[in-house]
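If you're matching positions, the first sequence starts at 1 in our numbering and goes up one per residue.
To be clear, the hints were calculated from the coordinates, so they are not data collected in a lab. Yeah, the Cβ is synthetic: ideal placement off N, Cα and C, and Gly gets one too. Mixed in with the good hints there might be a few duds.
What the hints assert, rightly or not - What follows is a set of in silico ranges between Cβ atoms, one per label pair, in the way DEER data are often shown:
hint	residue 1	residue 2	range
1	Arg396	Glu332	29 to 37 Å
2	Gly317	Ser236	32 to 40 Å
3	Arg396	Thr439	43 to 51 Å
4	Asp247	Glu22	50 to 58 Å
5	Tyr474	Ala261	20 to 28 Å
6	Ala261	Gly392	14 to 22 Å
7	Phe333	Gly519	22 to 30 Å
8	Ser260	Glu22	41 to 49 Å
9	Arg291	Asn80	53 to 61 Å
10	Glu211	Glu46	28 to 36 Å
11	Thr284	Arg148	22 to 30 Å
Said to hold, decoys possible - Below, simulated DSS-like cross-link-like pairs (lysine-lysine); rule was C-alpha separation at most 25 Å, straight line:
hint	residue 1	residue 2
12	Lys83	Lys101
13	Lys102	Lys132
14	Lys257	Lys170
15	Lys102	Lys137
16	Lys517	Lys565
17	Lys235	Lys170
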Amino acid sequence: MENLELGWLLQEIADLMELNGESVHRIRAYRNAARSIEGLGRSVRELAETGELQHIPGVGTSMEAKIREWLESGTIDEMNRLKNAVPPGVLAFTQISGVGKKLAKRLHDDLGVESLAELETAARSQRIRDLKGLGSKTEMMILRELERMQRTEGMFPLGMVWLVIEELEKSLQSLPGVSNAALVGDARRCCSLVSELEFIICGPGRLDAMELLDKLPCVERILQTDHASTRLQLKSNIEVQVSAVSDLVYPVLLVEKTGSAAHMRRLREYASTNGWEIASDSLTDAQNRVRQPRTEVDFYSLLGLPYIEPQLREDRGEVLAAAEGRLPVLLEFSDIRSDLHIHTTYSDGVNTVEEMAKAAQSMGWDFLAICDHSRSLTVARGLTAERLVQQGHEIRSLSDAMGFSILCGIECDILADGSLDFDDSILRTLDVVVASIHTGFRQDEHALTHRLVQAAKNPHVDIIGHPTGRLLGYREPYPVDMELVMQAAADYGKALELNASPERLDLNDSYAAAAVKLGVPVSINTDAHSVTQLGFMELGVAYGRRAWLTKESVINAWPLERLQKFCNS
DNA sequence: GCCGTTTTCGGCCCGACTGTTTTCAGTCG
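Full structure from sequences and hints, please.
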């Protein structure tokens, strides 16, 4: 957790340095250190205590001092200095996909605009196209992006808060006098973008416990408070609402505040046809008696329904399915047996084959597939055919030595014309082939769809990686006719990836559900570039449950023999 | 800012694509 936080902070410093126009090499030094730290097998705090910080690749005397400063004070002065030096507008402009650091700075300096709103005005009055080197297309791209950003304003990717949710829930539960604490809202339903974090707590000492919130380790300060409700700002800058409620109404509020509006409407309809009424904090039966369920399970049970998992509470047929006893047995994290898409130092990962394999083994996986980038992705040091063979030798001997099955694979680029980066003679030698698009995603829908369909037709391809290319909160999915892609996957016996990287979660839940309906299995992969990122699997599974995934529909929940059969067919 | 030495400083991943040009700058992965 601390390693990840520090890694993010160093990346943020690198971003700010870029905006400040500092040396590219100095910037890279920060990024290298950040990646190294994210990929560490041990905690930085521990290494600081044993005086081993400079053993971390990319960490020298200067970086060590900054890490120590952060460990001791929770902040790095350099960061604050940089933040003051970069106008807030410039920082906001870099959130626009297609606007990099230099363009952001130019828009600020040359147009004199300080905020996204002012930028929009400038774009609408066609002032951007007047700048040298920019034209109407850039202007329209910026307007398009600003509209997208407005649609998701105030929302943040689930993966960004995933770790803090767990930490905060535990902290709240451990407060004296608190008997229960739970996350509610869209974050509990594991929506890919989350609007706000809200927790409710109950217990005999809940009101006294509210006084202790600012003492929690992850809390920065109290923003607003009344006796039963407090708004907090976390150290990670995220705002959280905590409400104290009585034990009596806690279970009903848990249901009420978790389900989407549509789910609650459907549930009320169902309840009323069965003689029940759901009020905001209680249930009333046909005899007009108020009933207070003891738990959420009890709540649904009183209505005559089995428990409906939070991720399903979207009004996608779950109430009817529950009533008819057709709710799926959802995929559990413990069902996962492997990760079929991870990177190593052979391409752009930060950990070696051996480090990744050992970490995967300690995750409890039965086996692992290593799928580094293919040759055309030069920036990621994509593997040439020769290095792929060399990696294969290393993987096989390591696999034997460890007594742990490691499959040889590739994340093969789907090139602009729909052909693959390696020809069949190479692909056929591999255990697993993930085919993904990394370039040319500004092509039109027809071209992009054609590329994915062509990839699905290749007999050696097993999985289509991150099929829609979305980056949560940053880039829309590229224009693809997913109906055609899913049909191609069904026709040619391929799996579609649910990439569990916090910035992707791609396929989205709707497509993943649709794919399974067509008989296309899903592969939940972390796309890990470090040992730490292997932990993304938990997020992928939690999100995948929104698509009603079961262990039957997810190929990395299958045993090795079945997976091999799938890949060889 | 780190690394790897030729111990005192030079080198540090690159190529495709796009929009704007007409040779290049910026973005992205």
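So, going through the hints one by one against the coordinates:
The hinted window of 29 to 37 Å between Arg396 and Glu332 holds, with their beta carbons roughly 32 Å apart. Remark: the range hint 32 to 40 Å for Gly317 to Ser236 is upheld by a beta-carbon distance near 36 Å. Range check, Arg396 to Thr439: about 31 Å between beta-carbon atoms, so the 43 to 51 Å window is missed. Between Asp247 and Glu22 the Cβ separation comes to about 55 Å, which falls inside the hinted range of 50 to 58 Å.
Taking the beta carbon of each, Tyr474 and Ala261 are about 27 Å apart, inside 20 to 28 Å as hinted. Checking the proposed 14 to 22 Å range against Ala261 and Gly392 shows it is violated: the Cβ atoms sit about 52 Å from each other. The beta-carbon spacing between Phe333 and Gly519, approximately 24 Å, falls within the hinted interval of 22 to 30 Å. Range check, Ser260 to Glu22: about 45 Å between beta-carbon atoms, so the 41 to 49 Å window is met.
Between Arg291 and Asn80 the CB atoms are about 54 Å apart, so this pair conforms to the stated range of 53 to 61 Å. Between Glu211 and Glu46 the CB atoms are about 33 Å apart, so this pair conforms to the stated range of 28 to 36 Å. Between Thr284 and Arg148 the C-beta distance comes to about 44 Å, which lies outside the given range of 22 to 30 Å. For the suggested pair Lys83 and Lys101, the alpha carbons sit about 14 Å apart, so the restraint of at most 25 Å is met.
As the CA atoms of Lys102 and Lys132 are separated by approximately 14 Å, the hinted pair is consistent with the 25 Å bound. Distance restraint check for Lys257 and Lys170: the Cα-Cα separation of roughly 19 Å lies within the 25 Å cut-off, and the hinted pair is therefore satisfied. For the suggested pair Lys102 and Lys137, the alpha carbons sit about 17 Å apart, so the restraint of at most 25 Å is met. For the hint linking Lys517 to Lys565, the alpha-carbon distance of about 21 Å falls within 25 Å, and the restraint holds.
Pair hint Lys235 plus Lys170 holds up; C-alpha atoms about 16 Å apart against a cutoff of 25 Å.
Violation of the numbered hints given earlier is confined to hints 3, 6 and 11; the remaining hints are satisfied by the structure.
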